[in-house]
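Work the whole structure out from these sequences, hints included.
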Amino acid sequence: MWWMDASEQQHRSASAVIVASSKDDEHENDRTRMTYDLATMAAARSKQQQQQKQKNEPTAHEDGIGLAADEECCLAGAEGLINALLVRRIFLGDGSHETPLHGGIVVDTQGIIRRVLRSAQEVNTYLYNIESEAVYDFGDLVLMPGFIDANVHINEPGRKDWEGFVTATKAAAAGGFTTIVDRPANASPPTTSVANLKSKTNTARGKIYVDVGFWGGIVPGNRDQLAPLLAAGVLGLQCTLFGSAPPVGEEFAAVDEAQLEEALQRLEAENEDEGVIAVHAELPLPVDIPTDEEASREYASFLVTRPPSMEVSAMQLLSRLAQRYPRRRLHALNVSSAEALAPAEACQRAGGQLTVGTCPHYLALSAEEVPKCGTEFKTWPPIRESSNQERLWRALRPGGTIQMIASDHSPATPGLRCLTGGRGRGNFLKAWPGINSLQLSLPAVWTALGGGGGTSDDLSLSLADLHRLMCWQPAQLCGLGRFKGRIAEGYDGDFCIWSPEEEFTAIPEELYTATKATPYAGRRLRGVVHATVVRGLHVYQMFEGFGQPLGKVLLRKSSRKVVKFVRM
1 MWWMDASEQQ HRSASAVIVA SSKDDEHEND RTRMTYDLAT MAAARSKQQQ QQKQKNEPTA
61 HEDGIGLAAD EECCLAGAEG LINALLVRRI FLGDGSHETP LHGGIVVDTQ GIIRRVLRSA
121 QEVNTYLYNI ESEAVYDFGD LVLMPGFIDA NVHINEPGRK DWEGFVTATK AAAAGGFTTI
181 VDRPANASPP TTSVANLKSK TNTARGKIYV DVGFWGGIVP GNRDQLAPLL AAGVLGLQCT
241 LFGSAPPVGE EFAAVDEAQL EEALQRLEAE NEDEGVIAVH AELPLPVDIP TDEEASREYA
301 SFLVTRPPSM EVSAMQLLSR LAQRYPRRRL HALNVSSAEA LAPAEACQRA GGQLTVGTCP
361 HYLALSAEEV PKCGTEFKTW PPIRESSNQE RLWRALRPGG TIQMIASDHS PATPGLRCLT
421 GGRGRGNFLK AWPGINSLQL SLPAVWTALG GGGGTSDDLS LSLADLHRLM CWQPAQLCGL
481 GRFKGRIAEG YDGDFCIWSP EEEFTAIPEE LYTATKATPY AGRRLRGVVH ATVVRGLHVY
541 QMFEGFGQPL GKVLLRKSSR KVVKFVRM
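Going by UniProt numbering, the first residue of the sequence shown is number 1, and it counts up by one from there.
The reader is advised that the hints may include incorrect statements.
The calculated DSBU-like cross-link candidates involving lysine-lysine, where the alpha carbons are at most 30 Å apart (straight line), are [unchecked claim]:
#1 Lys516 x Lys207
#2 Lys160 x Lys516
#3 Lys160 x Lys430
#4 Lys160 x Lys198
#5 Lys372 x Lys516
#6 Lys516 x Lys430
#7 Lys160 x Lys372
#8 Lys198 x Lys516
#9 Lys430 x Lys372
#10 Lys160 x Lys207
Listed next, with one range per pair, are the computed distances between beta-carbon atoms [what the hints assert, rightly or not]:
#11 Glu368 x Ala258: 33 to 41 Å
#12 Glu502 x Glu368: 36 to 44 Å
#13 Glu369 x Ser462: 23 to 31 Å
#14 Ala342 x Gly545: 43 to 51 Å
Derived by calculation from the structure, the hints in this document are not laboratory data.
These numbers come from a predicted model, not from an experiment.
All residues carry an ideal CB built from backbone N, CA and C; glycine is no exception.
Pasting the structure below:
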């Protein structure tokens with residue numbers, strides 16, 4: 001059971017327009033664009049909320065997902081006013097259609113999808129009979145469920161100059177993502193206690209343009225905080241088997257096998273089987289570290305320090321734990337080595353609850369193209385050779401070993417990335433590991449693999465594959481799949497409107513992230529996001545920019561406690 005911490009802003013723009021297309025091959029509807037005075041609508045909605053509060057009833061999804069009764073927000077829109085959103089290429093992501101259809105979506109004033117129109121005839125009939133609609137025409141753009149990134153480093157509080165809530169969520173919205181989940185490591189303090197989680201959520205309120213959930217962290221010595229973190233609302237727990245880079249490593253230390261198993265045992269003892277445990281899956285192994293200063297500017301000097309065997313050993317460990325603790329879901333983050341897929345595949349075939357994720361940079365970039373001093377390409381695990389890459393591509397197919405793609409967005413200041421002048425410039429061994437990719441994840445993946453991309457036809461991704469890997473499976477991983485991840489009645493009205501055919505050149509200065517360095521700089525990419533809609537509200541439009549920061553903090557509530565908040 002779930003509820004959403006409703007920190008949504010009370011203020012809205014003077015008017016709002018909902019987007020629609022009512023054309024088909026034979027008819028063209030003459031409805032004009034209409035706007036509505038949101039002050040009137042907000043007043044009506046506020047009155048409705050006051051009545052609900054007096055009854056102590058929250059606004060809720062029909063399946064028990066809603067807003068906490070004491071933290072409701074004022075959603076713009078009068079009671080009974082329905083917003084229609086209709087397009088000629090809509091991909092529902094509900095399994096009913098593998099290709100886009102001409103249809104539409106009816107979103108109510110709570111931002112919930114109440115009806116799906118599945119043909120041009122339904123669209124025109126609806127528009128003819130319903131008068132209180134605001135109408136736009138999206139032309140031939142594709143409308144899909146909003147993308148979900150379950151692996152994002154938002155470094156606020158403490159390291160806002162690396163990445164903060166405003167900049168990260170703007171980048172997410174511009175990239176077509178309607179929900180992101182923040183990793184626990186890089187903020188100061190990290191999300192390793194309930195108090196630190198509250199610090200995170202308090203910092204986020206009023207700043208976020210898309211919905212944001214949170215991972216809790218597992219570090220040495222915080223086993224007593226794990227069940228409380230889950231009860232307080234984190235979507236799952238994360239840890240690393242390989243220490244974080246300084247200065248983060250001082251606050252978010254790695255756990256070893258014994259400490260990870262101790263955490264699993266503690267959760268078992270407390271009968272806490274909700275939430276997944278996600279692991280950065282590299283185990284430390286003895287390696288030779290190059291010491292030559294000039295050699296450190298070559299990517300090969302870094303690549304040899306993170307061999308595939310580190311990932312293989314970690315995946316073997318996770319496979320053993322998945323068999324030993326069958327109630328607990330485990331997830332391997334950021335898998336870059338195709339060799340590590342074999343133990344994961346064996347575990348999955350044996351029925352173990354182990355899922356695998358990879359990242360856009362492992363699919364779109366290769367070691368051969370990393371330039372000298374190109375530390376913007378450095379990440380953990382490393383970007384590997386193109387021969388390894390094709391095996392990752394194959395594992396993305398339906399039923400494959402890799403279930404999802406997430407950015408692992410982890411920017412840092414130019415100095416930490418060794419991108420500034422001086423003796424340390426371009427030193428791969430000293431540079432902070434992390435890729436700036438949140439805003440560019442969708443076009444990076446689509447350019448490499450989508451609709452033919454640079455691959456053979458049997459490896460190319462369809463829109464259905466893209467939805468599965470970057471929307472539906474991430475929603476399932478984080479427990480959001482009952483109200484996010486597809487276009488269906490009762491789901492949140494979260495949408496990405498984009499053109500899979502359009503191309504653009506990635507220009508760092510045009511990114512909305514706090515820092516701009518990215519390995520995609522200067523690349524020609526395919527797939528342009530035109531608009532992003534969260535619960536029926538525009539948060540980003542390509543030519544108009546951003547609306548208000550109306551994203552919500554997403555918190556999970558234990559099913560044992562949800563009856564206090566949600567009308568069943």
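Structure-based check of each hint:
Taking the CA atoms of Lys516 and Lys207, the gap is near 20 Å; set against the 30 Å cutoff, the hint holds. The suggested pairing of Lys160 with Lys516 holds, with an alpha-carbon distance near 14 Å, which does not exceed 30 Å. Taken as a hint, the Lys160 and Lys430 pair is honoured in the structure, with Cα atoms around 21 Å apart against an allowance of 30 Å. Of the pairs offered as hints, the one joining Lys160 and Lys198 holds, with about 17 Å between alpha carbons and a cut-off of 30 Å not exceeded.
Taken as a hint, the Lys372 and Lys516 pair is honoured in the structure, with Cα atoms around 19 Å apart against an allowance of 30 Å. This hinted pair checks out: Lys516 and Lys430 have alpha carbons roughly 19 Å apart, not beyond 30 Å. Between the alpha carbons of Lys160 and Lys372 the distance comes to roughly 29 Å, so the proposed pair stays at or under 30 Å and holds. Taking the CA atoms of Lys198 and Lys516, the gap is about 29 Å. The hint holds against a cut of 30 Å.
Between Lys430 and Lys372, the direct Cα distance comes to roughly 14 Å. Compliance with the 30 Å bound is thereby established for this hinted pair. Distance restraint check for Lys160 and Lys207: the Cα-Cα separation of roughly 13 Å lies within the 30 Å cut-off, and the hinted pair is therefore satisfied. For the hinted restraint 33 to 41 Å between Glu368 and Ala258, the CB-CB distance of approximately 39 Å keeps it satisfied. As the Cβ distance of Glu502 to Glu368 is approximately 28 Å, the hint placing it in 36 to 44 Å is violated.
For the hinted restraint 23 to 31 Å between Glu369 and Ser462, the CB-CB distance of approximately 26 Å keeps it satisfied. A beta carbon spacing of about 47 Å between Ala342 and Gly545 agrees with the range 43 to 51 Å that was offered as a hint.
Violation of the numbered hints given earlier is confined to hint 12; every other hint is satisfied by the structure.
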